[in-house]
Amino acid sequence: MNPVTYPTKSRLFALFILIALVYTGVYSCRKNSSNPSLIVGKPNTQSTAAATAIQQAFADSGYQAKSFTKKVNDSLRIVWKPDWAQMQERVVGDSSNDFYVPMKLTFFNFKQNVYYTSTFSNFKKYLVVHLNKNGMAFVEANYLPDSGLPVNNKQSGRNQLNNFSFSSFTGVALFKDLNKGVTFRQVSYVNSQKRALTINRNNTNGKANGNKWVKNDDIQNCYIDHFDCEWSEIFTSCVEFGVRYDPGCTLSGGGGVYQDPQDGCTYTLSLNSQTPVTVCETIVTPDLPPGPALIAPANVVPNTSPCNQKATIGKTAADATLTNLNTTIRTQSTVYEYGANQNLTSLTSGTYKTTAVVADTPPSVDSWAGPPATWDSTNGFTIGTSHDHPGGSAPSPDDVFSMLNMFSNPDFAAAGATASQFYQKNAFITVLTANSTFVVTVNNWNALNQLAQDYFADKAAFQKRYQDIGNKYVDQTPASMILSPSDPGEYALKKVFGSIINLYKAPKGSNTFTPRTISSSSGNSVIANLKCP
Amino acid sequence: MRSICLFIISLFFGVSAIGQQITVGGSVNVTLPAGSAQLTQAAATTLLQQKFPSYPYTSEMISLNGTLPYTYCNVNGNLLQLYYKQVDGRGTYLTSQKAQYDALGAENGANTRIQYTSSISTIGNNPVLLTYNTGGGVATYHFVCSSSTYNTGAIIGTLSFAPGDKTAVTATLNTILSSITFVSTFSINNKTTTPFQLTFRRSDGVSINISLAPSTNNLTSLIPVGTYTLTISPAGMPASHNIIFGNRPIVVGAGTTFTNVNISSGSSDLSLLID
Chain A
1 MNPVTYPTKS
11 RLFALFILIA
21 LVYTGVYSCR
31 KNSSNPSLIV
41 GKPNTQSTAA
51 ATAIQQAFAD
61 SGYQAKSFTK
71 KVNDSLRIVW
81 KPDWAQMQER
91 VVGDSSNDFY
101 VPMKLTFFNF
111 KQNVYYTSTF
121 SNFKKYLVVH
131 LNKNGMAFVE
141 ANYLPDSGLP
151 VNNKQSGRNQ
161 LNNFSFSSFT
171 GVALFKDLNK
181 GVTFRQVSYV
191 NSQKRALTIN
201 RNNTNGKANG
211 NKWVKNDDIQ
221 NCYIDHFDCE
231 WSEIFTSCVE
241 FGVRYDPGCT
251 LSGGGGVYQD
261 PQDGCTYTLS
271 LNSQTPVTVC
281 ETIVTPDLPP
291 GPALIAPANV
301 VPNTSPCNQK
311 ATIGKTAADA
321 TLTNLNTTIR
331 TQSTVYEYGA
341 NQNLTSLTSG
351 TYKTTAVVAD
361 TPPSVDSWAG
371 PPATWDSTNG
381 FTIGTSHDHP
391 GGSAPSPDDV
401 FSMLNMFSNP
411 DFAAAGATAS
421 QFYQKNAFIT
431 VLTANSTFVV
441 TVNNWNALNQ
451 LAQDYFADKA
461 AFQKRYQDIG
471 NKYVDQTPAS
481 MILSPSDPGE
491 YALKKVFGSI
501 INLYKAPKGS
511 NTFTPRTISS
521 SSGNSVIANL
531 KCP
Chain B
534 MRSICLFIIS
544 LFFGVSAIGQ
554 QITVGGSVNV
564 TLPAGSAQLT
574 QAAATTLLQQ
584 KFPSYPYTSE
594 MISLNGTLPY
604 TYCNVNGNLL
614 QLYYKQVDGR
624 GTYLTSQKAQ
634 YDALGAENGA
644 NTRIQYTSSI
654 STIGNNPVLL
664 TYNTGGGVAT
674 YHFVCSSSTY
684 NTGAIIGTLS
694 FAPGDKTAVT
704 ATLNTILSSI
714 TFVSTFSINN
724 KTTTPFQLTF
734 RRSDGVSINI
744 SLAPSTNNLT
754 SLIPVGTYTL
764 TISPAGMPAS
774 HNIIFGNRPI
784 VVGAGTTFTN
794 VNISSGSSDL
804 SLLID
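Chains as they are written, first to last, in this note's numbering: chain A, 1 to 533; chain B, 534 to 808.
Hints are computed from structural coordinates only; laboratory data are not their basis.
Pulled a few chain B residues facing chain A out of the computed Cβ check, cut under 7 Å:
no.	residue
1	Asn598
2	Ala636
3	Leu637
4	Gly638
5	Glu640
6	Arg646
7	Gly668
8	Ile689
Derived lysine-lysine pairs resembling DSS-like cross-links, with alpha carbons at most 25 Å apart:
no.	chain 1	residue 1	chain 2	residue 2
9	A	Lys425	A	Lys531
10	A	Lys111	A	Lys70
11	B	Lys699	B	Lys631
12	A	Lys494	B	Lys631
13	A	Lys495	B	Lys618
14	A	Lys315	A	Lys508
15	A	Lys531	A	Lys494
16	A	Lys133	A	Lys180
17	A	Lys495	B	Lys631
18	A	Lys495	B	Lys584
19	A	Lys71	A	Lys180
20	A	Lys66	A	Lys180
Which chain A residues face chain B? A few, computed with CB under 10 Å, are given here:
no.	residue
21	Gln262
22	Glu337
23	Lys464
24	Gln467
25	Ala479
Idealized CB from N, CA, C, for every residue including glycine.
Use the sequences and the hints to build the structure in full.
In structure tokens, the structure reads:
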């Protein structure tokens with residue numbers, strides 16, 4: 001068992017004081033919250049100080065070197081780096097919070113001082129930080145989905161985890177308590193629900209044998225064995241690096257040179273680390289990391305029919321600031337996608353701020369994430385975005401779901417139900433093409449939120465559905481009835497989202513927007529203008 | 534005697550392995566692997582649901598329009614859907630179609646998410662646009678096979694399967710696409726300076742329009758098997774010409790209509806000359 005490096009006494013005392021202050025702040029604020037059990041995708045305002053304390057404590061703990069850096073050979077190390085920007089928070093109870101930090105895989109050649117980021121693995125590694133009034137506990141969590149390639153098949157090749165999702169996680173999770181040294185609990189999940197303990201090894205030291213649930217989420221677990229095997233896969237011919245996680249150390253017979261059946265790349269498989277464990281303990285298992293932000297149902301505003309909203313869309317689009325913004329975006333987007341936030345100066349004025357027109361970094365021909373949304377009187381109140389599709393395509397499903405991002409904004413969350421209702425009533429995105437302007441609003445936030453669960457559960461399945469519908473539209477619609485390059489995408493979008501969204505289209509430069517709908521024409525199901533009374 | 538029996542047995546299995554030929558849209562012959570079976574649309578839907586029970590969108594993998602004449606086949610446990618589309622598949626047709634399919638997933642890395650690929654190549658004797666995507670434990674090859682010669686048709690299809698079977702399914706699909714042959718061809722020559730509009734009408738509603746440019750030599754069109762009424766109308770300034778249709782009496786005029794036009798192999802109604 002390796003000793004754990006802790007901070008010096010003076011730093012430890014200071015850290016404890018900080019945690020206590022943060023904790024007091026978090027929970028005294030929570031008492032005033034109207035929705036204390038809301039799961040948020042990222043730490044809220046009150047937790048920002050806690051997040052800072054966590055980063056400092058992690059840096060001081062030495063866990064980066066001891067637990068998240070592993071030797072492959074004389075020059076190569078596997079380095080798992082915390083992705084602090086993606087840290088998520090789950091409120092466990094009145095007195096504790098769990099913070100989930102995804103760990104990014106890199107390979108580091110320290111002799112050449114080169115990091116290799118072309119990596120892959122068959123599992124997700126997280127740093128879980130349990131924060132309560134007694135202090136901070138660090139847990140290393142490894143999540144191995146059943147859907148991956150067989151762990152014990154040496155010829156199985158790369159595993160990219162394309163369909164990984166915590167919202168429907170089926171597989172095994174192994175937790176290591178880093179503070180206590182190495183203690184384990186292994187839990188299997190089916191559709192994100194804990195099912196059964198999967199470790200049941202023979203005991204060889206005379207302690208109690210076996211394992212059991214001792215209450216709902218606690219486990220008493222006694223075993224001795226080697227666990228937590230990590231195998232490195234070095235693709236010398238393809239210059240790629242991977243880690244294969246083998247929680248039960250079932251990959252027997254040592255390493256060797258094997259071949260990926262997909263492309264013939266040869267790789268050297270070698271056992272990188274394993275942990276012998278004899279332990280008997282009762283520990284609470286942390287829940288899975290939270291999914292996307294959820295909207296409190298009480299805040300959902302009534303539906304809006306596209307015809308009723310049509311006039312408002314045209315009036316908003318005619319706003320001089322937004323018009324100038326869209327003109328600038330179109331001018332910039334000759335090759336790359338440019339865009340800007342649509343920020344109101346206040347919730348009552350109906351006037352917009354001039355915001356920066358930017359591309360992503362680096363700029364992309366087919367993607368735009370945009371700057372962070374804001375919800376304050378200085379930067380404005382972001383009720384949507386406008387960006388250009390130089391390729392001429394319709395708004396994408398990702399564009400639509402981007403309207404849910406605001407619910408993870410800490411300033412917005414802190415503004416409460418009034419802000420939420422205002423946003424739901426007024427949010428819209430604008431997508432510009434060479435010939436058209438699209439506007440999308442949400443007609444049913446509850447349904448969009450439900451659909452988002454499917455989307456986040458399996459983005460590839462969701463996207464395949466969209467692609468297959470669009471393909472069929474191109475296949476089956478007579479060429480004379482496909483009136484613009486965006487038609488297949490518009491059709492697929494309306495087919496997938498239905499009346500959850502309102503989709504509007506106007507010719508470039510016009511503020512006369514028409515709702516789009518799916519209708520029947522000469523026996524064909526086609527995208528068309530909705531005739532409003 | 535024993536060798537004769539072995540020969541007969543091997544002949545039987547050899548013939549079985551050749552596969553079975555089907556005709557799609559009356560104009561395209563496709564050879565499927567032995568053991569393949571044609572399905573109704575309902576049976577095709579059931580096959581997808583049974584093969585991909587955890588994929589929630591199987592119903593949308595079937596035709597958007599239930600009235601279109603799709604052919605559904607169970608090929609080695611995977612669903613093959615074929616559809617004959619009346620379209621001029623020559624020239625830049627496949628390139629323009631590819632742009633439309635590609636654009637659907639172009640935004641926000643969606644194509645990467647579903648491992649989307651697309652390419653145009655020649656398989657067998659025909660140009661084929663082939664795309665691939667996968668998600669939710671389902672993989673799909675989608676293809677458009679046109680002809681560089683004929684102006685009236687393309688065959689469109691999908692083959693859905695488990696992603697782990699990709700290698701075997703790719704080989705099977707390659708064999709199927711290589712077997713595609715366009716039949717029921719109709720030969721047209723227009724030696725005049727007048728453009729014409731030809732319309733083939735079948736009693737079941739099938740209607741094929743061909744725009745015939747002036748001075749067109751040896752244009753070959755695909756006309757599905759059947760009995761048609763053929764109307765020939767001048768698309769420009771009317772002028773009297775000799776209209777020579779198969780072995781029928783020559784018509785002299787600006788246009789005409791032929792009835793009981795028999796489009797099938799060996800028919801004498803398979804050529805038109807306007808002089």
